[in-house]
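Protein chains in written order, with my numbering: chain D, 73 to 184; chain B, 73 to 184.
The hints are simulated quantities; they were obtained by calculation from the structure and are not laboratory data. Wrong hints could be hidden among the right ones.
Identical copies go unnamed one by one, so any copy, or any two together, can satisfy a pair.
[Said to hold, decoys possible] As a list, the in silico SDA-like pairs of lysine to any residue whose alpha-carbon atoms are at most 20 Å apart:
no.: 1; residue 1: 129; residue 2: 179
no.: 2; residue 1: 110; residue 2: 92
no.: 3; residue 1: 110; residue 2: 138
no.: 4; residue 1: 125; residue 2: 108
no.: 5; residue 1: 96; residue 2: 80
no.: 6; residue 1: 81; residue 2: 178
no.: 7; residue 1: 165; residue 2: 88
no.: 8; residue 1: 110; residue 2: 176
no.: 9; residue 1: 113; residue 2: 90
no.: 10; residue 1: 165; residue 2: 111
no.: 11; residue 1: 81; residue 2: 122
no.: 12; residue 1: 110; residue 2: 149
no.: 13; residue 1: 179; residue 2: 117
no.: 14; residue 1: 110; residue 2: 133
no.: 15; residue 1: 96; residue 2: 126
no.: 16; residue 1: 179; residue 2: 109
no.: 17; residue 1: 129; residue 2: 90
no.: 18; residue 1: 110; residue 2: 82
no.: 19; residue 1: 129; residue 2: 155
no.: 20; residue 1: 179; residue 2: 133
no.: 21; residue 1: 125; residue 2: 179
no.: 22; residue 1: 110; residue 2: 182
no.: 23; residue 1: 81; residue 2: 115
no.: 24; residue 1: 113; residue 2: 176
no.: 25; residue 1: 179; residue 2: 111
no.: 26; residue 1: 81; residue 2: 172
no.: 27; residue 1: 132; residue 2: 180
no.: 28; residue 1: 132; residue 2: 157
no.: 29; residue 1: 179; residue 2: 141
There are 2 protein chains.
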Amino acid sequence: MLSKGGCPKTMLSIRDALETLEGKWKLLILFSLSEGPKRFKQISRDVPGITDKTLSKELKRLETHQLILREVFNTFPPTVQYSITAHGMSLEKLLDELHYWGLLHRKEIIGK
Amino acid sequence: MLSKGGCPKTMLSIRDALETLEGKWKLLILFSLSEGPKRFKQISRDVPGITDKTLSKELKRLETHQLILREVFNTFPPTVQYSITAHGMSLEKLLDELHYWGLLHRKEIIGK
């Protein structure tokens with residue numbers, strides 16, 4: 073595909089994806105939720121270094137992009153649960169590629 | 073692969089990749105250079121919205137990560153050329169996935 077390097081239409085769709093997934097947290101949150109529905113604290117534990125403020129902001133954005141679902145259960149007190157949507161799961165191949173490239177890059181740069 | 077959701081080692085390699093490729097410009101610059109070696113102004117034209125200051129900063133970072141090569145030719149005045157490295161080209165599949173997902177997301181969200 074890179075042979076179509078520089079093609080404006082392709083540049084636009086790559087930019088669309090990057091702007092939606094922008095930042096280092098969204099894909100890590102989705103990766104955590106790909107294991108199954110979770111509560112706020114569980115996601116926070118899965119994603120090292122994320123603050124509650126940032127997690128809450130990123131969850132809202134992911135919900136806006138229809139990548140996750142937020143559900144409130146009528147317990148006392150009410151419980152809130154987050155789950156990945158089918159559209160969110162469509163990122164599986166991209167997460168795969170990031171995982172493999174992350175390993176490759178670490179080997180290339182640090183040599184282990 | 074998402075079935076291994078939440079696995080810490082996979083989370084780490086995804087985070088490595090995201091931190092290296094962080095921001096919305098690096099992958100667009102690499103996509104532009106995948107067409108062939110280019111000069112500063114040519115890359116700037118390919119990547120809509122990027123300022124010269126940002127492009128210069130991102131090119132330095134990409135060079136540090138061994139994803140591009142900067143060459144100075146002994147012309148008068150000297151000419152500077154940027155090209156993607158083999159390691160940079162290893163991002164081809166990731167760029168493919170971003171491209172396809174960008175199209176899918178646009179259709180899902182905007183319906184066209």
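request  = Please work out whether the CA atoms of residue 113 and residue 176 approach to 20 Å or closer within one copy, between two copies, in both situations, or in neither?
outcome  = neither (31 Å within a copy, 31 Å between copies)
task = First find the shortest C-alpha distance between residue 165 and residue 111 inside one copy, then the shortest across copies, and answer within, between, both or neither for a cut-off of 20 Å.
result = Classified as neither; 25 Å inside a copy, 33 Å across copies.
task = First find the shortest C-alpha distance between residue 129 and residue 155 inside one copy, then the shortest across copies, and answer within, between, both or neither for a cut-off of 20 Å.
result = within (16 Å within a copy, 38 Å between copies)
query = Between residue 110 and residue 138, at a C-alpha cutoff of 20 Å, which is it: within one copy, between copies, both, or neither?
reply = Within. Shortest intra-copy distance 17 Å satisfies the 20 Å Cα cut-off; inter-copy 38 Å does not.
key: Homo-oligomer pair classification [residue 117, residue 179; C-alpha up to 20 Å]   = neither (27 Å within a copy, 33 Å between copies)
message = Within, between, both or neither: how does the pair residue 129, residue 90 come out at a Cα-Cα threshold of 20 Å?
response = So residue 129 and residue 90 pass the 20 Å test inside a copy (18 Å) and across (19 Å) alike.
task = With 20 Å as the alpha-carbon cut-off, assign the pair residue 179 and residue 109 to within, between, both or neither.
result = neither (33 Å within a copy, 26 Å between copies)
request  = Using 20 Å as the alpha carbon limit, work out where residue 132 and residue 180 are close: within a copy, between copies, both or neither.
outcome  = between (36 Å within a copy, 18 Å between copies)
task = Using 20 Å as the alpha carbon limit, work out where residue 125 and residue 179 are close: within a copy, between copies, both or neither.
result = Close neither inside one copy (34 Å) nor across copies (31 Å); limit 20 Å.
ask   = How do residue 81 and residue 172 come out at 20 Å by Cα distance, when the copy is not named: within, between, both, or neither?
value = between (26 Å within a copy, 11 Å between copies)
message = With identical chains, the pair residue 81 and residue 115 could be close in the same copy or across copies; at 20 Å between alpha carbons, which is it: within, between, both, or neither?
response = Between copies only: 16 Å across, 36 Å inside.
task = State whether the alpha carbon distance between residue 179 and residue 133 is at most 20 Å within one copy, between copies, both, or neither.
result = Answer is between: at 18 Å across copies they meet the 20 Å cutoff, but 33 Å inside does not.
The structure fails hints 1, 2, 4, 8, 9, 10, 13, 16, 21, 22, 24 and 25 (numbered hints given earlier, in ascending order).
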